[in-house]
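4 protein chains.
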Amino acid sequence: MKTFITEYRVIYGDCDPFDVVYYGRYFDLFERGRTEMFRDLGLPYREIADQGIYTPVIEAGCTYIQSARYDDLLLIETRIGQIGRARIRFDYSIYRKNPHTLLAEGFTVHAFVNNQRKILRVPPEVIHVVKGLTE
Amino acid sequence: MKTFITEYRVIYGDCDPFDVVYYGRYFDLFERGRTEMFRDLGLPYREIADQGIYTPVIEAGCTYIQSARYDDLLLIETRIGQIGRARIRFDYSIYRKNPHTLLAEGFTVHAFVNNQRKILRVPPEVIHVVKGLTE
Amino acid sequence: MKTFITEYRVIYGDCDPFDVVYYGRYFDLFERGRTEMFRDLGLPYREIADQGIYTPVIEAGCTYIQSARYDDLLLIETRIGQIGRARIRFDYSIYRKNPHTLLAEGFTVHAFVNNQRKILRVPPEVIHVVKGLTE
Amino acid sequence: MKTFITEYRVIYGDCDPFDVVYYGRYFDLFERGRTEMFRDLGLPYREIADQGIYTPVIEAGCTYIQSARYDDLLLIETRIGQIGRARIRFDYSIYRKNPHTLLAEGFTVHAFVNNQRKILRVPPEVIHVVKGLTE
Numbered sequence: 001m002k003t004f005i006t007e008y009r010v011i012y013g014d015c016d017p018f019d020v021v022y023y024g025r026y027f028d029l030f031e032r033g034r035t036e037m038f039r040d041l042g043l044p045y046r047e048i049a050d051q052g053i054y055t056p057v058i059e060a061g062c063t064y065i066q067s068a069r070y071d072d073l074l075l076i077e078t079r080i081g082q083i084g085r086a087r088i089r090f091d092y093s094i095y096r097k098n099p100h101t102l103l104a105e106g107f108t109v110h111a112f113v114n115n116q117r118k119i120l121r122v123p124p125e126v127i128h129v130v131k132g133l134t135e
Numbered sequence: 001m002k003t004f005i006t007e008y009r010v011i012y013g014d015c016d017p018f019d020v021v022y023y024g025r026y027f028d029l030f031e032r033g034r035t036e037m038f039r040d041l042g043l044p045y046r047e048i049a050d051q052g053i054y055t056p057v058i059e060a061g062c063t064y065i066q067s068a069r070y071d072d073l074l075l076i077e078t079r080i081g082q083i084g085r086a087r088i089r090f091d092y093s094i095y096r097k098n099p100h101t102l103l104a105e106g107f108t109v110h111a112f113v114n115n116q117r118k119i120l121r122v123p124p125e126v127i128h129v130v131k132g133l134t135e
Numbered sequence: 001m002k003t004f005i006t007e008y009r010v011i012y013g014d015c016d017p018f019d020v021v022y023y024g025r026y027f028d029l030f031e032r033g034r035t036e037m038f039r040d041l042g043l044p045y046r047e048i049a050d051q052g053i054y055t056p057v058i059e060a061g062c063t064y065i066q067s068a069r070y071d072d073l074l075l076i077e078t079r080i081g082q083i084g085r086a087r088i089r090f091d092y093s094i095y096r097k098n099p100h101t102l103l104a105e106g107f108t109v110h111a112f113v114n115n116q117r118k119i120l121r122v123p124p125e126v127i128h129v130v131k132g133l134t135e
Numbered sequence: 001m002k003t004f005i006t007e008y009r010v011i012y013g014d015c016d017p018f019d020v021v022y023y024g025r026y027f028d029l030f031e032r033g034r035t036e037m038f039r040d041l042g043l044p045y046r047e048i049a050d051q052g053i054y055t056p057v058i059e060a061g062c063t064y065i066q067s068a069r070y071d072d073l074l075l076i077e078t079r080i081g082q083i084g085r086a087r088i089r090f091d092y093s094i095y096r097k098n099p100h101t102l103l104a105e106g107f108t109v110h111a112f113v114n115n116q117r118k119i120l121r122v123p124p125e126v127i128h129v130v131k132g133l134t135e
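Sequence lines, in order, name chains A, B, C and D. Take the first sequence: its position 84, counted from the start at 1, is 84 in my numbering, and no numbers get skipped. Take the second sequence: its position 53, counted from the start at 1, is 53 in my numbering, and no numbers get skipped. Take the third sequence: its position 116, counted from the start at 1, is 116 in my numbering, and no numbers get skipped. Take the fourth sequence: its position 98, counted from the start at 1, is 98 in my numbering, and no numbers get skipped.
Keep in mind the hints are simulated off the structure, nothing from the lab. Careful, some of the hints might be misleading.
For identical chains, the list gives no copy identity; a pair is met inside one copy or between any two copies.
DSBU-like, lysine-lysine: derived pairs with alpha carbons at most 35 Å apart [stated by the list, open to error]:
no.	residue 1	residue 2
1	Lys118	Lys131
2	Lys2	Lys131
3	Lys97	Lys2
4	Lys97	Lys118
From a predicted model like this one, the values you see are computed outputs, not experimental measurements.
Okay, chain A solo, but in the shape it has when bound (with noise of 0.2 Å):
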């Protein structure tokens, strides 16, 4: 399977009083994680974003290992989960790249939608992209 691997430097702002990336925050990693994804596949998510595709979160999780500290350089790995008509799953791994440490995984499974919320299939450009990640 392919992975595309995105970094990112943790700020105290995503920190908590813990010292440690507040548990939302995730989220925003995972959202850095696939839109790179689709930029480096050559497909920028402002582009389908442009024709009016909108793709709406409908489920999102993420299992917590290890905490991501400040000043972290942290590696966001995303993959193709699933593809299926109307829908389609990324799952991400979180590392602290030195040393080397698992601290999160999660997914984001997302809907295709128009202007008016009215529900697409999976645009043809999208899973001409996607096609073979998932193998």
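Since chain A is already given, all that's left is putting chains B, C and D on it; use the hints.
Leaving out everything else, chains B, C and D in the frame of chain A:
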């Protein structure tokens, strides 16, 4: 089962370019819900933290049903989901107040640890106040 | 001068590793303050936005006097600072409620623009509701 | 004058319903800028914090010139603004990288305090690394 309700008004800072609350912000709402639940129960989170006991989230998830929008007055409903020996689960439902609409459902699972990040049993005072809430 | 007060409870997600509200989050509090002020005045922000009029911040600042801490109940006091032909300034004071303590003072200056980002004069209905508040 | 540049990619989570970066998020960018400046100078913020020295923001401000938008690659330019006996000021310019456009200018003023929140002089190692940067 006993539930606890907290209100929250959505600001622009919570929303994304699709004019809806960013999916990661729901986890802030969940924290707000469980904090107010413990305050209502007479055991503020701060008192637990002041004893050197921390309650890191070890798993969290959310299913998004309808979008919360700018200026919505939200109801955060919090329930005790499950109490184990070393962990506790909270369940949440997010509603728009007017008209009353279910927007999202989620959960968080928490461990209890001391200052040295050693895992503890659920403290007796926590068990005491939440006892009976799951029935 | 007339002032408007909104309450806000600090959560862990607002705080940084020094156990205080992150300095950037005060600007979220300011938005909350001015939004509630306009609602109290009978002209919700959403009604202004629904007319295709936007009020981007063109300048903002904050002086931090004492730290807001986790679980503090804050009072956000909002005042009209100045009304020009094409801009409006709000002033804010952030207090801890108990014991009553001034924590921060800030301001935001807003322009008014239409959908094409063309600068507009301050709309008459805004002048109407805020008239007299600066005296 | 020596300046330091850090890149940052805007995600949806940074943006508000007007499709631009929320005004409060610029202060996160400023933190990112000064953190990377100190790392470049060989004195990571974490090393300062590890000595029990904290650098709370006592004043901050931003002038917004053009809007940063979703998916923009931003350049955060950080400069030492002024070094006093007990405080230090940083100045920031935020640019869109392509086409190169000035979006915002801001500043933060920091005090130095110890664990008991007692105000300290600017530590000698900080003066050492920033000396000469203001010329």
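| query | What are the numbers of the hints that this structure violates, sorted from low to high? | reply | none
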